[in-house]
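*Asks:* Protein chains in written order, with my numbering: chain A, 590 to 986; chain B, 590 to 986.
It is worth saying that the hints were derived from the structure and are not from the lab. Among the clues, some could well be false.
Pairs involving identical chains hold if they fit within one copy or between any two copies, as the list cannot separate such chains.
[What the hints assert, rightly or not] Heads up, simulated DSS-like pairs for lysine-lysine below, C-alpha to C-alpha not over 27 Å straight-line:
1. Lys600 with Lys914
2. Lys698 with Lys882
3. Lys698 with Lys761
4. Lys755 with Lys742
5. Lys761 with Lys749
6. Lys634 with Lys871
7. Lys747 with Lys698
8. Lys634 with Lys870
9. Lys747 with Lys959
10. Lys663 with Lys747
There are 2 protein chains.
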Amino acid sequence: MENNLRINELKAQYKNELLDKVVPFWLKNSQDKEYGGYFSCLDRKGNVFDTDKFIWLQSREVWTFSMLYNNVEKNQEWLDCAIQGAEFLKKYGHDGNLNWYFSLSREGKPLIEPYNIFSYTFATMAFGQLSKATGNTEYADIAKQTFDIILSKIDNPKGKWNKAHKGTRALKNFALPMILCNLSLEIEHLLEESFLQQTMETCIHEVMEVFLRPELGGIIVENVNNDGTLSDTFDGRLINPGHAIEAMWFIMDLGQRLNRPRLIEKAIETTLKMIEYGWDKKYGGIFYFMDRKGFPTQQLEWDQKLWWVHIETLISLLKGFHLTKSQECMEWFDRIHQYTWNKFRDLEYAEWYGYLNRQGEVLLPLKGGKWKGCFHVPRGLYQCWKTLEKINTVTIE
Amino acid sequence: MENNLRINELKAQYKNELLDKVVPFWLKNSQDKEYGGYFSCLDRKGNVFDTDKFIWLQSREVWTFSMLYNNVEKNQEWLDCAIQGAEFLKKYGHDGNLNWYFSLSREGKPLIEPYNIFSYTFATMAFGQLSKATGNTEYADIAKQTFDIILSKIDNPKGKWNKAHKGTRALKNFALPMILCNLSLEIEHLLEESFLQQTMETCIHEVMEVFLRPELGGIIVENVNNDGTLSDTFDGRLINPGHAIEAMWFIMDLGQRLNRPRLIEKAIETTLKMIEYGWDKKYGGIFYFMDRKGFPTQQLEWDQKLWWVHIETLISLLKGFHLTKSQECMEWFDRIHQYTWNKFRDLEYAEWYGYLNRQGEVLLPLKGGKWKGCFHVPRGLYQCWKTLEKINTVTIE
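Chain A extracted, bound-state conformation (with noise of 0.2 Å):
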């Protein structure tokens, strides 16, 4: 059938693409042989214009290589690859008590503090998928006893770090619940079952019932007021369509994950909303941030297209597809799928660009920097080969 056709090109695409070009780009280009670990400021060509080492990046690079391992191919290249970066991590990450630091010099000295969790989530996620390609105890506790001290600063992530005054204005933010969305089911092999009900529980609560609203249309807020109320605020008036529509996809591993065929309707209703919400009518693409009062926005980077957003789209969409056929879900992939392929891909060169200006050329020629590394596009790239393949197993039974 001419669909299945489709579905099967889109397959090879997204599979040839990771496995052909993507993960040979990092594989051959950021790992540092001298002093461990990873280059993530990578060129358009792959050559390293920076030696900073970012401890989201390097967590990131060793939870995709692990990822692969475990998923796609025992390639001992791949877990090489995963194991010396969660070496050089394990030596230079942390501050001996498992606080990550933000970036470290080439060499592993620490430059940015432990300020900012998302280190440490990504971290955990690290070294919970490397455990289980290793069945390393080691990277096992460190995982855990990260995931441990995550929790513990839940009610204030940023520590010391918080440079807000107490008391005056008390928000909370949609990032970490909407990782943990993630996390939590990253490292179930970890977790003890009655822990990880109950985590998976509050996160759904948080991202679904807290940060969605209903009164806004059912859109979804970067931030709200500690007492669930939304703030007229620049933080409270934040939309980061990309940011929701990737939370989606989470809820919906976590809807498969419990059996929840309504909390999966919500999440592609969701996805379909933020979708349209943060389309760009004039130039296409989605919006990196917006104002819900129409505002200008305090991010002047606002109408920049980011990869990560339509990577992670296409694959909130095609896990809505997947899941319940819906014909809405399949227009958009095409759409965000042709807009994506054009004008992230390089031609010339291996893996994506990662910032376009509005009108969708190229702002920065880089293909990894501070915030973009060995992540967004093969998870991206992973994700969307194995769901249509589930789409192609499930249309030709």
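The hints should help you fit chain B onto chain A, whose structure is shown.
*Replies:* Positioned in the frame of chain A, the structure of chain B alone reads:
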């Protein structure tokens, strides 16, 4: 003569824009008659879209209205406007020990802790200028004491908020010595002569001999290692042309104050170098951020065109022309004048846009926000008007 006509026309243009459009815009729209202080988040028409109060902008508006009162006209409405803002700042802007918060809620409750040294520098400017207007010794004391606190923080301006791990990479930043060049003249009337001399010498040395780099062709970098060597890191490669150009008119003012023609020449030469370095040959305008090795910047907003960059450039070029009759200054002035008035000025409503995309289109339609207030536009119009007056007088003689 034709030239005199042109200068006269320009003088009227800058003066009228200031007095007929910009000053009335802020007088009318920014004053919070209920709680005191100023709204700075104003949309295109001058409507308030957010009520948070940022100490940078509160202070800068006190300064602007005090300065206009001191230098243009003893207009009571201007003085009242400055005093009400200063009283709000005096009461709510600091922690009781002149540690200046970064921002406050509308009613004056602290929102963001005093982590930012420039809240202190602009508070000093504000109270220094207002003390001239009023003769009020309390205002003078606030300026003087805050200035002492700034000096005590010079080695680690961020204090406990500094996230850089001690000992790995010690950089120093251009912004503080650059601002002190201006501030030392601003509060000259409050400083002891020998101390003033010493401060001026230190600032001139830092700006012209530490951050200005002959080995890079005479451009100014934003950060250097503490020992004065260049740093090949994101921060160490950063160039902010507008920042450097703004500093050059502070240096020209110091050159006049100290009667140093060679310093003035060097400042003019550097102004022209930075304009040529930062000029966008494709779309016109001066870039916001650049990397001195041509690598991608961390700043996603690098290619945007900002109001203050262009207005400060006009000041430096006019002062350069006034002081040396440099034709190159006048040619560049013509070019930047055209760009600035065409792109930033709103034909329909008063005050200027602040943020354009690379192409020169309006990126955010605000007239004021978190970083744009009653400062660069009125100060720039005033400085250009007064410099044109001097040029005019000289030419006619």
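*Asks:* Indicate, hint by hint, whether the structure satisfies it.
*Replies:* So, going through the hints one by one against the coordinates:
no.	hint	result
1	Lys600 with Lys914	within (17 Å within a copy, 68 Å between copies)
2	Lys698 with Lys882	between (44 Å within a copy, 24 Å between copies)
3	Lys698 with Lys761	between (32 Å within a copy, 19 Å between copies)
4	Lys755 with Lys742	both (16 Å within a copy, 24 Å between copies)
5	Lys761 with Lys749	both (16 Å within a copy, 23 Å between copies)
6	Lys634 with Lys871	between (31 Å within a copy, 24 Å between copies)
7	Lys747 with Lys698	both (22 Å within a copy, 21 Å between copies)
8	Lys634 with Lys870	between (32 Å within a copy, 25 Å between copies)
9	Lys747 with Lys959	both (20 Å within a copy, 22 Å between copies)
10	Lys663 with Lys747	neither (38 Å within a copy, 49 Å between copies)
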